[in-house]
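Below, each chain spelled out in residue letters.
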Amino acid sequence: MSTVRQANRAASIVTRAVKAPRSTPVGDSQPQTGTRARRTVRIRRGSGGNRTGRRQNIAYLFLAPWLLGLLGVMIGPMLYSLYLSFTDYDLLSSPHWIGLQNFTNLIHDPQYIQSVKVTSLFVVVSVPLVLVVSLALALFLNRGLRLLRVYRTLFYLPSLLGTSVAIAVLWLKVFGQPGLLNDTLALFGISHGSWIGNPATALYTVVVLNLWAFGATMIIFLAGLRQVPREYYEAAQIDGAGWWNRLWHITLPGISPLIFFNLLLDTVAAFQTFTSAYVIGGGNGQPAGSLLFYSVYLYIQGFTNLKMGYASAMAWIMFLALAAFAALCFLSARFWVHYGSER
Amino acid sequence: MTGRADAAITARRRPFILFRGHRPTNPALQSALRHIVVICLLIAILYPIVWMIVASFRPGEEALNGLGLSFSHLTISNYRQGLNGMNFSRFFLNSLFLAVVEIIGTLFSCTLAAYAFARLDFRFRRVLFAILIGALLLPSQVLIVPQYVIFHHLNLVGTYLPLILPHFLGIDAFFIFLNTQFIRGLPRELDDAARIDGCGEIKIFLRVVLPLSLPAVATTAMFMFINSWNDLLGPLLYLSNTSLFTVPQGLTTLLDTTGQSSFGALFAMSTLSLIPVAAFFFTGQKLLVDGIAMTGLK
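Order-wise, the sequence lines are chains A and B.
The opening position of the first sequence corresponds to residue 1 in the numbering used here, with each subsequent residue numbered one higher.
The opening position of the second sequence corresponds to residue 1 in the numbering used here, with each subsequent residue numbered one higher.
For reference, chain B alone in the conformation it holds in the complex:
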């Protein structure tokens, strides 16, 4: 299938290939077929989400009725039940707070370190950079036990600090990397000009480099938001007081305690929890998609 498509397109671009002529195909038909395949795939992939959204608006006992999308009896009772009766309005605020603080911490530590790696010469630079690459590969689960023990001794278990603090200390090697690569791509003449004008490194960082690396900063903030918003393990370890719970934690607790009986509310809250990520995705998808491809490759 792919082979045919491949050949057809190459043929369209390079007409002389047609002289090989052992595949008399109609390019328009080929193209239509390919679109159909892709669209079918997308439907299969995205249908469950659509189904969940519709199901979340059906009254509790009907929520899981079958494969179809029935639009009769729609109600927001599941949402009301989840947000008010099950404390989710609180969980959403908690998750939002955590995400915002973690983004601030990440931007603080990662842009500073990135500037040093991209622009400054210092002893052990290559060694430290190699360590940074190693940290990219380090499984975070190696760290959870000792970190927990340390935070336990500091009497911080049960607060947000164990979740927040590591981000202010640049635990996210990936984002340091992303920003380093981005800053490396900025023209050096600008900082040299600023330096001639008498700016120190801190001023150059704040006035020249940081404003120019806004795309990388925005990408970092978005990815960090998604990571923080989706994280389950961290809150599960450190938070036991219900009033501090995050959304993922609230969802697992709801699933554990009520099981099958409240899937309506569970679906409603799940749908609601996907909205911020989807919103970021649709507003910033160019940054996100290009952030993956561009920053890394060209």
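So here's chain A without its partners, still in its complex pose:
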């Protein structure tokens, strides 16, 4: 299962991939840009067809497991679930075609609407929060602090543990009643009920859990900040630019590719939050549906109620929504993502 952490790591690496065609020097030995790669292939095919043919076959031999998986456990199942989403299927009898019935039922399913609301609210609150806090702390740590490596390491630890059941169990006793937070508040004479038992605050305990694991995002920003050319800051200093101007006109544009991919992949991961929501919400999104995340409801419909068609419809709506979000990100990128400083 993909996790926030993994997505974050992917972010830095995807960035590199996107930049690669621009930053590849002419003399580079690896054909990366489209035209060059194609030209290479054509030339080889022209001059030594036999050998190229063999290398082609060998390449597909190397790719065989992945290609098999691509068809067998990814694209195939996706198309199959598209078909299932138009059927009524309980695993026992064969799928029964019902057209758009699943989708119209979803619109009128109050629990489904609730799950959409919960998940959207979570994404809208949690993702920007993680990005802002990670960036702020990265800026804070990036100023030649001694022991930076030690701090960085310790901040990173929670992001490896954040998706575990163990931490979700711990969360029950941090935000529950009795719980660590309430014990702390009691020191100041404030008393409060369980934060997890209260529908108004339960979701925010998961937001805090997601925030707690911000370390990986922060490390990516820290690495990005090192890439912003020093000379820009020096020039800005001479021109008398203040802290805010430097942040707005140099730092943020400089690391905008990283902001872009952190935003994209954190969002995809946040949409899929499962373990923490499942454990903290008692397996069914309690209290009062306030932790009924999309993935939890999908799990309940598909694997508790065995409504495979219904769950497939849910999965496809999620897929389309995320694809639309990704498309929006990529389309808007040209207006706010800058690769200029990377040359």
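Please keep in mind that the hints were generated in silico from the structure rather than gathered at the bench.
Every residue gets a Cβ at the ideal spot worked out from N, C-alpha and C, and that includes glycine.
Among the hints, a few may not be true.
What the hints assert, rightly or not - Non-contacting residues of chain B with respect to chain A, defined by C-beta distances greater than 12 Å in every case (computed):
#  : residue
1  : 75
2  : 83
3  : 101
4  : 137
5  : 147
6  : 160
7  : 167
8  : 196
9  : 197
10 : 208
11 : 214
12 : 218
13 : 244
14 : 246
To be verified - Using C-beta positions, here's what the derived DEER-type ranges look like:
#  : chain 1 : residue 1 : chain 2 : residue 2 : range
15 : B       : 44        : A       : 200       : 34 to 40 Å
16 : A       : 339       : B       : 187       : 49 to 55 Å
17 : B       : 187       : A       : 82        : 55 to 61 Å
18 : A       : 334       : B       : 44        : 35 to 41 Å
19 : B       : 71        : A       : 124       : 42 to 48 Å
20 : B       : 161       : A       : 234       : 55 to 61 Å
21 : A       : 129       : B       : 35        : 23 to 29 Å
22 : B       : 27        : A       : 327       : 44 to 50 Å
Claimed, not checked - Which chain A residues stay away from chain B? Per the calculated CB distances, all over 12 Å, these:
#  : residue
23 : 62
24 : 64
25 : 67
26 : 96
27 : 98
28 : 108
29 : 120
30 : 124
31 : 289
32 : 301
33 : 320
34 : 329
35 : 333
36 : 334
37 : 337
Once you've looked at the hints, dock chain B against the given chain A.
Showing chain B alone in chain A's frame:
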């Protein structure tokens, strides 16, 4: 706050800035303040874990007593109860087995594919690479229903195969990516030399590229271990026989069945389940941290 810190450091590096002089600050004091802020933050973030570890050593009924770390009455009874009475020793072995097999599968499929993407020319290379990037973004939950139905028809539900097989087929696009980027960074002269010596692609892969990409391989193995060890959804879907349960599954079951009454054992087993991840973290943190930053950025 950040702004001040920022200015102070820049000032230290570039003395001429001091002539602007509207912020008479003491760099040592500034630095100390920043350390204090960071340390306070770290305490707030890490304290709950420390608290859980200490609580797991307190006898059942006292486990959740208050905010402090009381070190009286420490006992390992929670651990004994969890490991023996609640079958967790079995769950730990199951989780370990799954993690090891999944790592093998991932390394097999991902390094092979990575070598092809990084070093070989073939038709549809760019298209396939674009598909790989798309797969990075594909929500895994889109796949769980149809995969389950397929494995159901193959009569594999209730075994480890549905959890293991996808890794042998390169479902982890991210790791293919990581290894591809790493291999691209290796000097090509080495494979060319091997090729002149008459090595075929398979030999070059096994004898030249694979040994050199050991850092990427180690990073892949570590991340895969953590992913596998933490995974709850997969086992929840496919495993119903208690003797096959994994640790996360065991923890949720224990929470569901005993609720508040056995938080001592629950904490003990939770703590124990964090140890392998923490151990990997402290031994391999340089690889992990650099793996994030370096592989992606330079």
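Q) Quick check: which numbered hints come out false for this structure? A) 4, 5, 7, 14, 15, 16, 17, 23, 24, 25, 32, 33 and 34
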